[in-house]
Amino acid sequence: MPWDEGLVNSLVYDQPDPAEGRVTSYVQAVNEALSLALAHDPGVFVLGQGVDDPSAMFGTTRGLQEKFGRDRVFDTPLSEEAMMGVATGAAMNGMRPVYMHNRPDFVLLAFNQLITHAAKFHYMDNGQTNVPLVVWAAIGRGWGSGAQHSQAIQGLLVGVPGLKVVMPSTPYDAKGLLLSAILDNNPVCIFEHRWLMKKDGIVPEGLYRVPIGKAVCRRPGRDITIVGASHAIELAMQAAERLSDDGIDAEILDLRTIKPLDEAAILESLHKTGRILVVDTGWMKGGVCAEVGCVAAERGFADLKAPVARIGLPDVPTPAGYTLEQFYYPDAARIATAALDLVRHGKAPGPVSSR
Amino acid sequence: MPWDEGLVNSLVYDQPDPAEGRVTSYVQAVNEALSLALAHDPGVFVLGQGVDDPSAMFGTTRGLQEKFGRDRVFDTPLSEEAMMGVATGAAMNGMRPVYMHNRPDFVLLAFNQLITHAAKFHYMDNGQTNVPLVVWAAIGRGWGSGAQHSQAIQGLLVGVPGLKVVMPSTPYDAKGLLLSAILDNNPVCIFEHRWLMKKDGIVPEGLYRVPIGKAVCRRPGRDITIVGASHAIELAMQAAERLSDDGIDAEILDLRTIKPLDEAAILESLHKTGRILVVDTGWMKGGVCAEVGCVAAERGFADLKAPVARIGLPDVPTPAGYTLEQFYYPDAARIATAALDLVRHGKAPGPVSSR
Amino acid sequence: MTETNIRYRYDGDGVPGFEPFTGRHASAELLDLYRSMLRIRRIEEEIGRRYHEDQMKTPIHLVIGQEATAVGCAGALRLTDLLYSGHRTHGAYLAKGGDLKAMLCEMHCRVNGCVGSRGGSMHLIDKRVGMAGTSAIVGGAVPIATGAALAAQMKGEDRVVVVFLGDATTEEGVTAESLNFAALKKVPVIFFCENNFYSVQSPLATRQPNRDLRNWAAAHEVAAVRVDGTNVLAVHDAVATAVALARSGGGPTFIEAPVYRFRAHGGAGDDSATGYRAEAERDAWESVCPIAQFGDVLGQSGLLDDPAINAMEREISTEIAEAFAFALASPNPTEEDLYQHVYATEAGPTDAVG
Amino acid sequence: MTETNIRYRYDGDGVPGFEPFTGRHASAELLDLYRSMLRIRRIEEEIGRRYHEDQMKTPIHLVIGQEATAVGCAGALRLTDLLYSGHRTHGAYLAKGGDLKAMLCEMHCRVNGCVGSRGGSMHLIDKRVGMAGTSAIVGGAVPIATGAALAAQMKGEDRVVVVFLGDATTEEGVTAESLNFAALKKVPVIFFCENNFYSVQSPLATRQPNRDLRNWAAAHEVAAVRVDGTNVLAVHDAVATAVALARSGGGPTFIEAPVYRFRAHGGAGDDSATGYRAEAERDAWESVCPIAQFGDVLGQSGLLDDPAINAMEREISTEIAEAFAFALASPNPTEEDLYQHVYATEAGPTDAVG
Ligand SMILES: Cc1ncc(C[n+]2csc(CCOP(=O)(O)OP(=O)(O)O)c2C)c(N)n1
Ligand SMILES: Cc1ncc(C[n+]2csc(CCOP(=O)(O)OP(=O)(O)O)c2C)c(N)n1
Ligand SMILES: [Mg+2]
Ligand SMILES: [Mg+2]
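Residue numbers (my numbering), protein chains in the order written: chain Z, 2 to 356; chain F, 2 to 356; chain D, 1196 to 1549; chain U, 1196 to 1549.
There may be inaccurate statements among the hints.
Claimed, not checked - Across the chosen pairs, the derived CB separations fall in these ranges: (1) Z:68 x F:347: 24 to 32 angstroms; (2) D:1322 x Z:64: 18 to 26 angstroms; (3) F:346 x Z:245: 51 to 59 angstroms; (4) F:70 x D:1405: 57 to 65 angstroms; (5) Z:68 x D:1350: 39 to 47 angstroms.
As the list claims (entries may be wrong) - Straight-line Cα separation of at most 20 angstroms, PhoX-like style, residue types lysine-lysine; simulated pairs: (6) D:1296 x D:1322; (7) F:306 x Z:306; (8) F:199 x F:273; (9) Z:68 x U:1381; (10) F:348 x Z:306; (11) U:1350 x U:1381; (12) F:306 x Z:348; (13) F:68 x D:1296.
Honestly, the hints are just simulated from the structure, not real lab data.
Only a predicted model underlies this, so the values are computations on that prediction, with no experimental measurement involved.
Cβ atoms here follow ideal geometry from the backbone N, Cα and C, with glycine treated the same way.
All chains should be built: construct the whole structure from the sequences, respecting the hints.
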C-alpha cells in the first residue's frame, strides 16, 4: 500500500542532534531490530504480505530475505486468519514469528486466532505452551485511507487478557520495543503509525531493549498530564510547545505499552499535576482513552483537580476525503485547546460526535 | 451447545406476579419477537447454526421454521465470516436478517465483516445503503464453558462507530429490544446472557418496542449508582438487597444499550448519588466498565464524591473448572462489598488481577 | 530479482480468438463495447497523468490493461443487475454506467462525489445504476454480493449479482465460504475472478501452489469456466451464459479471466522496473492489449476506421476535460458533513407499527 | 423430522474390508489396536454413565463409534509426532498416550488435571506425549497444526503433525486457507477429517452442496484420500502412507474418514429421538461398530477369543475404576491458581542477551 508515500515523505520533523548519538530513520530502526533478531536467534522468522517485495513493508524488511533466506523471510497468501494461526502454531513449537501487516484493519480478519487462540493457549494448557508471537501493523492516516484502511484497533485489545500491546513513538523505541517483543514469550501486538515512519532519531547500534509495560516521561511538567502513545505523543509534544506560550506546563507521558498498562506511572504523574488529558490515535470511546481515563478516576481520584479529559477519533468512521480528514483527525491545536480548557476552566472537551 | 442446560435449569429466580400481566419465560419472549417480526415483515429472516434443529438456539427459534418455512428460517454452514457478509449483503438489499450465534466467541470470526463492513457501509457510501442487520449471541457462563466459549465481547465494540449494541436484562426487554433491533436500520448486536434464559417475566403480547439507546432505572436509590446491563443487573439487584440491610440505598441503572450509551441517564443518576460502580459481564479493563467509568469522570466529575469503581471479569482468560469459575466470576456479594467500600470508605476495589 | 523471464504468459488466441464471438453481436453493440473500453482507457490515462499533481488525494488502482473484463461483463448485465467489486473499482463503475463527473468529484474529495467524499477511489458506488458496493478489504465484497443475490432470490426478483475479485482474493477463506454457500442455496451470483497473477507485487506462485482455479471453484459445486480476459466478446458471452444459468435458478458460476495490469498495483506509474515482474512480461501482455486487439477485429470487419476512432477519441477527450474541470470547480465538504450518515435514521419499512 | 429413512449410509466393506490390511501388521500390533479401541470405548461409556452425577462439570463430546480413527491414526505416529484436535478430544488424547488419570482429573475440575482445570474436556493436552493442542473453536486448531508443521520443517525435525477435524470444519474458510498454505510450503501436516455427517444436529446436506471432499482438498494441491473410518487398519495404513509422504518432504495429505457417532453431539445420551437423524441410521452404523468388526476379524484369524477379551475388559475396568477414584479424591484448585499462567514469565531462548 505505498499510495501514501508521497504524503508521508512530505512530513517534516525536527532533526535529532547527531552529537547525541547515531541518527537513523524510523524505518531503519525497525529494519535493524528485525535483522538483529534474525541473526541472533534461528527461531525468529518474518512473514507477511509483501515482506519480500520491492516496497518491503514500508522499507522495514528491506534486504532481509537476501540476508536470511527465503525460508526465514517470506511472503504469505492473502489468508490473514490462517496465517495468524500458522504463526501461533509455529510459536507454540519453538519458533518466534514476526507476522507483519500493512494495516491493523487486516488484523481484524484474524481476531479469532489472535484473541481466542494465541492470547489464551498459555493459560488454557496450564503453562505448557508459550506463544512468543509478534504481530506488527502500521496504522494508516490520511491520503484517503478511508474507513477500511485507517482503523487504529489497539482500543479493542485493551481488555484482552494474555495479550500485550505496544505502540512506539520514536525510532529508538521502535527498535527497542520490537526487540523486546520478539524476546517476549507472549503474543505481543505492535502498532506502528504510518506518520512516524519519516521520523529520524537517535538509535544505538546493536541489541538493546525497551521494556514492555513501562511508560516514559517525555516532558516533565506541573500543570497537566497529557498521556498517550505512538503518534499521539508527537502531537502532544507540539501541543506542549504551544501551551508553554500560554504559561501552561504540560507533562507528557508516553505509555509505550498500552497493555498491560503502566498504571503506576500514570498515577504518579497525575499526583504531580492533578489533571489528565488522554490522547489516542484510535476512537475516543472505549479503548485506550476510556481505560486510562477510568484508571485515573478509579485509582487517582484524590489527585484529580479537574475532570478527566480525552481526545481520540470522533465516534465516526474515517472519511476518505482530504477535507473531511482534516476535520476528523485531532491535531496539536485541538489538544492544546483541550488542555488549556482543562487547566484554566476545569472543562473537558464535549462529546466530539455532536460538534 | 446444550451442555449447560442442566446448570441453567437449576438457576432459581423470583417469580413475577401474574397479577401484573402475562408471565412468560425469557426464551419465549425472544421467540415471540422473532415470530412477530417474521409475520409482520416479509423482509425479516432468521439464520444461524442450528436455528432449525431440535435445540432451536436454546429454544428461542422453536417452531419458527415450521411456521415460516425453510427459506426464512434456516441453518447455515460453519462459515461465520461469510455468513456475516451474506447477512450484511442481504440487509443492504432490502432484507432484515437476524443472524443468531450460540456464543459471542463465534462473532469474533466475523469481526472483519461486522466492524469493517456492516458498521461502515452506510457511512462509506454516503447514506445510499442501510444495513438493518441484527446479530444475536448468548454469552456463556459456567459448566466449563472455558476461555473459548464464555467471552463477553461487548466491550470490544463500545468504540466502533456505526454499530449499536444492546444487552437485555429481562424477558420484557429481550422481546422489546429485539423488536427494536429488527426495526432499526442499522446493524445492531444483541448479547443475551445464558443465565437469564431461565428467567420469567411480565411480557405483553403483540408488538412493542423498548427504545435502543435509553437506559432505565431498575431501583431508585440515594447513596450510590450501580450501573450495568444484562446479567450484571441481576447481580446488582441482589447486591442492592444486601446493601439495604447495611443501610445503603443503591440506585440501579440498567443501560439496556451499551452503544450508543445513554450518557444523560448515567450523569443524572450520578448527580443524585455522587458515587458510581460499574458492573459488566465482560472483562473489567477497557470496554463497558472503562467507558462508563470514564464518562462519569469526564462529564460528571463535579458530582463525584468518591472514586469511580468497576467490577468486571479479572484480566485473566476464563478458566474451565468449576472451582476456578467461582473465583473468577463476580457475584452479588462481591458487588455489595465493593459498593459498601465505596460508600463507607470512598474506596474503589483494587485491581482484580493481583488479588 | 533481475530475471527478465516471462513468468506469466498470455495463453489466449489473440485476435483469432474473437472469431467465434463476433457473429453473435450486432454492429452497434460491438462498437459500444469498443467505445466503452476506449473511454475507460482514456479516463484512466488522464487520471494517471494528473495524479502527481496531488489534487486527487486518494489511493488509485488503475485498470489499464484490464478494460475488457469490466466492459464485457457489464455488457451482459441489465441496469437492475448488481455489480460489487474490491479496491480496483474504476472499470466496473464506469462500465456499469456510473457517472464520470461524480467519480472524479469523489476522487478529488469533493462533496458531490459519488459517495460524498467518504470513500474515494476504492468506493465508487452508485446504486441507481447497480454499482452496488465495494470493499477495500480483499474478499470483503464477496460474501456481501452473495448476500445481495440471496436477497434477490428471497424477494423473487429477476436480478443477477456479479462480484469482481482478484486472484489473491481466492486465498481468503471467506471466498471459499461464499462459494460453498452460493452453491448450497443456488443464489444468482457470479464470481468474476480477474486473474492478473499478482497481489500488489507478490506473484501467484508465492501465494498458491500451482493449481487450476476452476477445479477449486468446481470443488464447491460452482460452475467454473476460464475465459480470455483480453477478449471482450469472450468475456461478454461467458458472463451471458452465467447470467442465463443464474436467472434460471441454476446457481452460481465462477469465471476466471486471465488479464494483466499494465501499471503498478497502486498509483499512476508502472513499477515493473523494481523487478517484481519482468518488463518483458508486461510488454508481452501489452502486445495483446484488449482494446487494440478488438480494434483490429472491428477494423478487419469494416466496422471501424481511423476517422471513426478519431471521432470517438475527440468526444471522449472533451467529456474527460469537462469532467475534470467540473470536479476541480466543485465544492469541498464542510465539517458538518463529517457527522452525517454515521447511523441511518430513516424509518424502516417495518417502522409503521409497534 | 419424522422420516425414518437413512440419510447417510455406510458404504465401506465391513469385515471383508480388513482383508487387504491384516497381513501387514504383527499380531501384537493388531491386538494393541483392538485393546486401545476397547479401552477408549469403556472409558467413554463410564464417563457417559456418570455424567448425570454432575461431578464432571465440563461439556463432553464422546467419541463412541469413532474409536477407529483416533486409534488407527495414532498407531501410525511416533511419540514425537504431534496431534492437534478440535472439541472432540477424548479419543485423540487417549490414543496418543495421554494419561487417563490426568484426563479424568481435568474433567472433574481438579488441580492435577492435565491442564490444571483450565480447559476441561475440550482441552485435553499433554505435550509430553505429543498431544499438542486443541481448540474449542471449530477450525481453530487447523492453522495452528499447520504452523506446528512449519516449525518442524524449519527446524529440520523429523516430525509429522496430524490435525483432527470434522466435516463441518471444512466449511470454515480458515481450513481452506490452511490447506493452501500447507500445499504451498509442503509442510508435514495431515488433515484428518472425521466425516460423521453432522455438525451438532445439522446434517451435511444443509451446510454443503453434495460434493466430494477429496476434490475440495485436491483443488488445493493437497493429496486427498478417503478411507473407511470404521476400519482401524485402513485408517492406520492411510495415515502411514500420508506420514511417509510428509516425512519425505512430499507435503500434506487430506484424509476423509466417514464415521458415525453413536451418542449425541454433546453430553452423555443419544439424541436421535429428537428427530434430527433417524434412529435407523444410527442403528445401521452401530451394526458396523469399529470395535465389534475388528474383534470379528481378530477372532476369525484366531488372535482373539472370549477369555482374552474378558481379561482385557477386566484390566480396563480396573484401570477406569482406579482413575475415577483418583480423580474424585484429587484436590480442587485454589484462588491463587486462577491467576497463574496468564502471561509466560520464563525467559525465552533469546533472553540471554540484550
Ligand atoms: C484483507 C486484506 N489484506 C490485504 C490487503 C492489501 N491489499 C490491497 S489490494 C491487494 C492485492 C489483492 O490482489 P488481487 O485480489 O489479486 O487483486 P488485484 O489488485 O490484483 O486486482 C492487497 C494485498 C487488503 N486490502 N485487504
Ligand atoms: C467457530 C465455531 N462455530 C461454532 C461452534 C459450535 N460448535 C461446536 S462443535 C460444532 C460441530 C462441529 O462439527 P464437526 O466439525 O463436523 O465436528 P463433530 O462435532 O461432528 O465431530 C459446532 C458447530 C464452534 N465451537 N466454533
Ligand atoms: Mg491480482
Ligand atoms: Mg461432524
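Structure-based check of each hint:
1. Z:68 x F:347: 24 to 32 angstroms: This hint is violated: roughly 59 angstroms between Cβ atoms.
2. D:1322 x Z:64: 18 to 26 angstroms: Cβ of residue 1322 of chain D to Cβ of residue 64 of chain Z: about 47 angstroms, so the range 18 to 26 angstroms is violated.
3. F:346 x Z:245: 51 to 59 angstroms: violated (40 angstroms)
4. F:70 x D:1405: 57 to 65 angstroms: violated (45 angstroms)
5. Z:68 x D:1350: 39 to 47 angstroms: violated (58 angstroms)
6. D:1296 x D:1322: holds (16 angstroms)
7. F:306 x Z:306: Holds: residue 306 of chain F and residue 306 of chain Z sit about 13 angstroms apart, inside 20 angstroms.
8. F:199 x F:273: Cα-Cα ~34 angstroms, so violated.
9. Z:68 x U:1381: violated (23 angstroms)
10. F:348 x Z:306: Holds, at about 18 angstroms.
11. U:1350 x U:1381: With Cα atoms ~14 angstroms apart, residue 1350 of chain U and residue 1381 of chain U stay inside 20 angstroms; holds.
12. F:306 x Z:348: Given pair residue 306 of chain F, residue 348 of chain Z holds - Cα atoms ~18 angstroms apart, limit 20 angstroms.
13. F:68 x D:1296: violated (50 angstroms)
The structure does not agree with the numbered hints 1, 2, 3, 4, 5, 8, 9, 13 stated previously, though it agrees with the rest.
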